[in-house]
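Novice: Listed in order, the protein sequences are those of chains A and B. Quick note, the first sequence lines up with residues 1 to 94 if you use the working numbering. Quick note, the second sequence lines up with residues 1 to 231 if you use the working numbering.
Calculated from the structure, these hints are not laboratory results. Be a bit skeptical, because a hint or two may be false.
To be verified - Derived pair list, reagent style DSSO-like, types lysine-lysine, alpha-carbon separation capped at 30 Å:
id : chain 1 : residue 1 : chain 2 : residue 2
1  : B       : Lys99     : A       : Lys63
2  : B       : Lys195    : B       : Lys99
3  : A       : Lys10     : B       : Lys9
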Amino acid sequence: MAGHHIVPLKTNIITLLSLVVLTAVTVLTAKFIHLGDWGNLLLAMFIACCKATIVFGWFMHLKYEGLMNRTIALCGGAFLFLFILFAYLDIFFR
Amino acid sequence: MSTASYDKKTQAAHHFDSLEQQHEASKQGVWLFMATEIMMFGGLFVGYFIYRFMYHDMYIAGGDSLNWKLGALNTLVLLLSSFTMAQAVTETMKGENKKALKLIYITVACAFAFMVVKYFEYTAKIHHGMFPGFDLWKPDMAYIAEHLRSGFSIDNVDPANLRLFFVLYFVMTGLHGLHIIIGIGLMFWIIKRLKNDEFSPKYYTAVEGVGLYWHIVDIIWIFLFPLMYLI
Numbered sequence: 001m002a003g004h005h006i007v008p009l010k011t012n013i014i015t016l017l018s019l020v021v022l023t024a025v026t027v028l029t030a031k032f033i034h035l036g037d038w039g040n041l042l043l044a045m046f047i048a049c050c051k052a053t054i055v056f057g058w059f060m061h062l063k064y065e066g067l068m069n070r071t072i073a074l075c076g077g078a079f080l081f082l083f084i085l086f087a088y089l090d091i092f093f094r
Numbered sequence: 001m002s003t004a005s006y007d008k009k010t011q012a013a014h015h016f017d018s019l020e021q022q023h024e025a026s027k028q029g030v031w032l033f034m035a036t037e038i039m040m041f042g043g044l045f046v047g048y049f050i051y052r053f054m055y056h057d058m059y060i061a062g063g064d065s066l067n068w069k070l071g072a073l074n075t076l077v078l079l080l081s082s083f084t085m086a087q088a089v090t091e092t093m094k095g096e097n098k099k100a101l102k103l104i105y106i107t108v109a110c111a112f113a114f115m116v117v118k119y120f121e122y123t124a125k126i127h128h129g130m131f132p133g134f135d136l137w138k139p140d141m142a143y144i145a146e147h148l149r150s151g152f153s154i155d156n157v158d159p160a161n162l163r164l165f166f167v168l169y170f171v172m173t174g175l176h177g178l179h180i181i182i183g184i185g186l187m188f189w190i191i192k193r194l195k196n197d198e199f200s201p202k203y204y205t206a207v208e209g210v211g212l213y214w215h216i217v218d219i220i221w222i223f224l225f226p227l228m229y230l231i
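Turn these sequences into a full structure, and let the hints guide you.
Specialist: This is the structure we're talking about:
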């Protein structure tokens, strides 16, 4: 198993900096770029998903994990996506 | 746990074949717990999205009355704490327990800083009558109008619906704050064990597990921040 991969300091610093930059992008796009309510919501969620992926991959070591733990994490996200998708399908088409 | 008669640093518990297997099994358990965390907060996020579709104006009025600068500050504080936590795991894996201890201290300091900022935010909201409970709900519409974005009229805002936004705000950030407080407790547990020199490059499961928990709390905030404060 790839369970003992030691993530070097440099990687952690790059991860932190990219998250800080994406936080700045979140604030700037929400405050200064007006795409309408849905446009801004989707853009903010897209950036947040990118940030979450970075945290899962590098801070939580999912990049170095085996298939089992990746599947567990993916299942959590996938079922949540289904939940949101079906809730919205219901709202839009009723 | 203190009754263990074996050296945890070099031996696995009797029901495991090896330290490796013990580590993998424990970590998998934490990952399953993480999946349940995603689904627990997920339900609240779905509620948020559904009501956002139904009462879009209330979300704009409610979100604009929050202090996004404090929200952004808290985001940075949590990101920094996630970094120190991740680096603490790295140092423990290298056997540098003293360095790991210092990094955990910084993580705890960030967690407390987050809660202090949250305290000021909550008291400000309660002061303006925006707590939806205990007869505290007397929203200061002048305050809300003052903070509203340009091109959006306060006349469109129905205080009865606005209450719903603040129910979601206090429940979601409150549950998140509870996770931070539990995280602080877990950090103190790790601090105690690091001081006792209980970890080694072969045995660091607890540090990694608390790390995973701390990062998922960070991820939840990554979604809460734009949804509540910005858009």
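Novice: Keeping to a limit of 30 Å between CA atoms, is the pair of Lys10/A and Lys9/B held or broken?
Specialist: It holds: about 28 Å lies between the C-alpha atoms, which stays within 30 Å.
Novice: Given the hint that Lys195/B pairs with Lys99/B, does the C-alpha gap stay at or below 30 Å?
Specialist: holds (11 Å)
Novice: Given the hint that Lys99/B pairs with Lys63/A, test it: the Cα-Cα distance must not exceed 30 Å.
Specialist: holds (24 Å)
The earlier numbered hints are all upheld by this structure, with none contradicted.
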